[in-house]
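Participant: One letter stands for each residue in the lines below.
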Amino acid sequence: QKEVEQDPGPLSVPEGAIVSLNCTYSNSAFQYFMWYRQYSRKGPELLMYTYSSGNKEDGRFTAQVDKSSKYISLFIRDSQPSDSATYLCAMSTGFQKLVFGTGTRLLVSP
Amino acid sequence: DTEVTQTPKHLVMGMTNKKSLKCEQHMGHRAMYWYKQKAKKPPELMFVYSYEKLSINESVPSRFSPECPNSSLLNLHLHALQPEDSALYLCASSLIIAGGPATGELFFGEGSRLTVL
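Chains A and B are the protein sequences, given in the same order. According to this note's numbering, numbering within the first sequence proceeds without interruption in unit steps and concludes at 111. According to this note's numbering, numbering within the second sequence proceeds without interruption in unit steps and concludes at 879.
Be a bit skeptical, because a hint or two may be false.
As the list claims (entries may be wrong) - Calculated lysine to any residue pairs in the SDA-like style (CA-CA distance at most 20 Å, straight line): (1) K800(B) with D8(A); (2) K802(B) with L12(A); (3) K798(B) with P770(B); (4) K43(A) with K800(B); (5) K780(B) with K798(B); (6) K800(B) with T103(A); (7) K798(B) with P9(A); (8) K43(A) with M808(B); (9) K3(A) with K780(B).
Just so you know, the hints here were simulated from the structure itself, not pulled from any lab data.
Produce the complete structure using the sequences and hints provided.
Facilitator: So, in structure tokens, the structure goes:
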């Protein structure tokens, strides 16, 4: 079993839809949870950073962490074609290397 | 614009060449990283420098040689590479918090796309 599981997609939605992206993990020691967005042929860009459990909102993006279920989510409201990218979840215990999910490719059509 | 700058953006080299990838950041971060990313795969950690000292080497072949000349610069020296080493090489930096660099708020550069012929 991989430490971090993420559906590779692609996930296709129409413009304006609410998008839900998810990751599950097995290591209960993970404390730091991130979502990165990566456009084709570019480096990953940090979108959301959460320590421990709870929700965090930034504009159209909401990150949720449920440590009891070992499950994290990223919600994108009012999705735009410019949101089309690969979304990588990542997590860390704080003292070891960051562990990435495989990434979910999102396609938002006009 | 990313605050981590990588050069060159593209590099094509033969298997006998020696080349270097360069990375620079001016955010005051004291942890710097090299990652390798193949198409449709997540980034794979290669090296971590903390306070200019190599702290993690993920069993990377010796044909890849990292160097951290100062707190703002990170180099990756390449020699006798193989075609399977063709990939996007990403540099990243982060703060060091609570004694460890891996809290995860990594800031990535745009990468150097390497092709080995």
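Participant: Taking the hints in turn, state whether each one holds.
Facilitator: Results of checking the hints against the structure:
At most 20 Å may separate the alpha-carbon atoms for a hinted pair to count; K800(B) and D8(A) meet this at roughly 18 Å. The hinted pair formed by K802(B) and L12(A) meets the criterion: a straight-line CA distance of about 14 Å does not exceed 20 Å. Proposed proximity of K798(B) and P770(B) is supported: the alpha carbons are some 15 Å apart, at most 20 Å. Among the hinted pairs, K43(A) with K800(B) is consistent with the structure: their alpha-carbon atoms are about 12 Å apart, no more than 20 Å.
This hinted pair checks out: K780(B) and K798(B) have alpha carbons roughly 18 Å apart, not beyond 20 Å. Restraint check: the Cα-Cα separation between K800(B) and T103(A) comes to about 11 Å, which is no more than 20 Å; the hinted pair holds. A C-alpha spacing of about 19 Å is found between K798(B) and P9(A), which places the hinted pair at or below 20 Å, so the restraint holds. A threshold of 20 Å between alpha carbons decides the hint, and for K43(A) with M808(B) the separation of about 18 Å falls inside it, so the pair holds.
Between K3(A) and K780(B) the CA atoms are separated by roughly 36 Å; this puts the pair beyond 20 Å, and the hint is violated.
In summary, the structure is inconsistent with hint 9 from the numbered list given earlier, while agreeing with all the others.
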